[in-house]
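All chains should be built: construct the whole structure from the sequences, respecting the hints.
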Amino acid sequence: MSREYDVIVVGGGHAGCEAALAAARLGCKTLLVTMSLDTIAQMSCNPAIGGPAAKSHLVREIDALGGEMGKVIDQTYLNIRMLNLSRGPAVHALRAQADKIKYRAVMTLTLESQPNLIVRQGVVTKLLVEDGHIYGIQLRTGTKITSHTVILTTGTFLRGMIVIGDVRYPGGRQGEPSAEELSQNLKELGLQLSRFQTATPPRLHADTADYSKLICQPGSEQPLRFSFDTPLEKKEQIPCWYTYTTAETIKVIQENIHRSPIKSGSITGKGPRYCPSIDRKVLRFPDKVDHQIFLEPEGEYTKELYCLGLTTSMPEDVQEKIIRSIPGLENAQIMRTGYAVEYDYILPHQMYASLESKMISGLFTAGQINGTSGYEEAAAQGIMAGINAARKVQGKPPVVLSRAQAYIGVLIDDLVTKGTEEPYRMMTSRAEYRLILRQDNADLRLRELGYQIGLIDTARFERLLRKKEAIQATLSWLAETPVSPTAEVREYLQKLGSGDLKKQVSLMEILQRPEINFEDLEFFAPLPPLDAEIIEQVVIECKFKGYIERQMKQIEQFQKMEDIAIPPDIDYFSIKGLRNEAKERLHTIRPSSLGQAARISGVSPADINVLLVVLKGDKRDVSA
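Just so we're aligned, residue 1 is where the sequence shown starts under my numbering, counting upward by one.
Please note: incorrect hints may appear among the correct ones.
What the hints assert, rightly or not - Computed spacing ranges between beta-carbons, pair by pair: (1) E130 x E320: 51 to 59 Å; (2) S476 x K553: 18 to 26 Å; (3) S36 x N609: 52 to 60 Å; (4) R87 x A247: 29 to 37 Å; (5) D166 x D290: 48 to 56 Å; (6) N609 x Q174: 46 to 54 Å.
Derived by calculation from the structure, the hints in this document are not laboratory data.
Glycine residues also receive a C-beta, built at the ideal position from the N, C-alpha and C atoms.
Here is the structure:
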C-alpha cells in the first residue's frame, strides 16, 4: 500500500466523510483513517438530519457546495417533515429521521467507491511534525504514513470517558475505545486542549411501547428533499410518536438528583446548553411537569426507539424508573442505557478561518474537536477543511465563507473569533442576515462557488443558471403585468379577504399582500408553468422585498468593515490607545479584518476606532 498522500483524514464521522470526499473529488490523493470501518458515518446520538436551529440550512449549504450529507439522507430517511411553517421562511427547517444502518451503509459505499480515496482502519497515535509543518501520521502499529496535509476529525474520542451515574470508564462511544495517545501528542505539540461532554438518551424496544397512549407524528404528505439534485418523489414513511413526562417523572428525578453526574461531580466538562439532559431540565425548571418526549425509530431493520428529550447519564435503575413513569412507556424495555461522554477538544481560536492550525502548517481540524456539537455542524466544517486542505496542496488560496454568505461562515467565524465555552450548536439567531441565509436559497447563494471550486459539475451548474433565469423572468413578468381596479377584480379581492383596489397596480404588488397566494394570480393572468421551488423563491422575493432590500444594505455596510484587512504581523502591544485586554485578545485571535476584530469579545468600539486610525496611517498595503 502507498504511504504517500496529499491529504490524510483522521476519523470517519460526519466531518471526516465530507472532508475526505471533498479532497478526493478535487483531485488529491486522499487517505481516510478510522478506528473502525464498521462505524463510518455512525449516528451515535439521534439518527436524524436537519431540524430547527439552522441545522437544515447547513445541510443545504453543504449540498450546494458539492457535499454528500443531503444526498445520503434523501436515500435513507424513514420520516421527513418541514418544521416551523407557521413562522417566516428564514426559520423554516427540514428534518428527516434516518435509517441509521442504511445511512451508514450508503455513506460507506460512497467513500469506498470514490476515485482518489482510500479508506483504512487504524488508530492514529501521533502526528508527524517538523519545523512547524505536518508531514504525516503514525499508527499504533508503528506504521508511518506521509502526506502534505492532515485533517483531524476525531469526534468524542480524544481521551473519551463514558459516564453512567458514578460509573466511569474510557470510551469514545459506548462500546468503542477512546484515543488516548493522540490527545497527549497534541498537547506535546503545543496545542491548547480543554474538555467538553455530551450525552444521549436510552433506546427502547419498539414492541414494548403502548402506542394507544402515544400521539402519532406522521411524515409529510408532500415530497420533500434535502439535496437540490434529488428527484422529488413521495416515499412511504414510518411514523414517529410523542408523549410527555408526568409529575411522577419529576418526582423520580428530584428524589435521585444526588445520583446524577451533574450533581455528584462525576462530570466536569460543560455540556450543550441547547440539548440539556432531562435531569438538568428538572433542575432548571422545577415546576414544569410535561416535558415533551419524542419516540423515533432508528431503522427499518432494528427495533430500537430513540427517546428525544430524555437525554440522561443517571444510573441505570433511575433511568428505568423514569421510563416507567411516562405514559405509553410503563412496560418499555431499555435496549441501550443513556450515557454521557467527556472528551478533549482543541480551543478553536488556534485555527484560521480556513480551519488550518495557526501553529502547525498543513494541519486542519473539523467537527467536535473544534468544540462543536451535531452531525450537521461537523459535516459543514468537514467539507470546508477538505476543500482548503486540497487547495493548500495545489497552491491555491483558501476558501473562506463570510457571515453574510452562509451559515457555514457564521459557524466558523464564531469559533475562530469568539471561541466557545460550551459545545457549539448552530442557531438561526446567531446569524445577523438570516433572511438572506435561508435554507430554500442555499443553491442560489453557494452553488456557483461550488462550481468554481470544482465540486459541482457543469450539468448541475447549468441547472442552477436555468433556475435563476426562471426566477428573474417571473419576477419581471409580475412587475410588468398591470392589474386594473375593475368591478370583477375588486369583488375577487374581497372574496380572498384582501383590501380594496383603487388604482392600477402590478401583479407583484398584488402578490405582496399577505393573504394572496401565487395560485390566486391565475384570476388576473394565465400563470406560466413553474416548478414549486421557482414559485417559492418568487413568493419570498415579493412578500419580503422591503426586508430583503434592508438586509442587503446592512450587508454592504458589513462588507466595508470586512474589506479593511489587518496585516498578519501587526504588533498590537505597540499600539497606543488600545486597552490591555484588547491587545491581549487581538494578539491571540489575530483577526484578518477590521470586521472580525470588532466581533472579538473584549474588544470595544473605541478599540476598533484606534485600530482603524492605525490602519489608515499604515503605509503598507493592508488590502492585500
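Status of the hints after comparison with the structure:
| no. | hint | result |
| --- | --- | --- |
| 1 | E130 x E320: 51 to 59 Å | holds, 54 Å |
| 2 | S476 x K553: 18 to 26 Å | holds, 22 Å |
| 3 | S36 x N609: 52 to 60 Å | holds, 54 Å |
| 4 | R87 x A247: 29 to 37 Å | holds, 32 Å |
| 5 | D166 x D290: 48 to 56 Å | violated, 30 Å |
| 6 | N609 x Q174: 46 to 54 Å | holds, 53 Å |
The structure does not agree with numbered hint 5 stated previously, though it agrees with all others.
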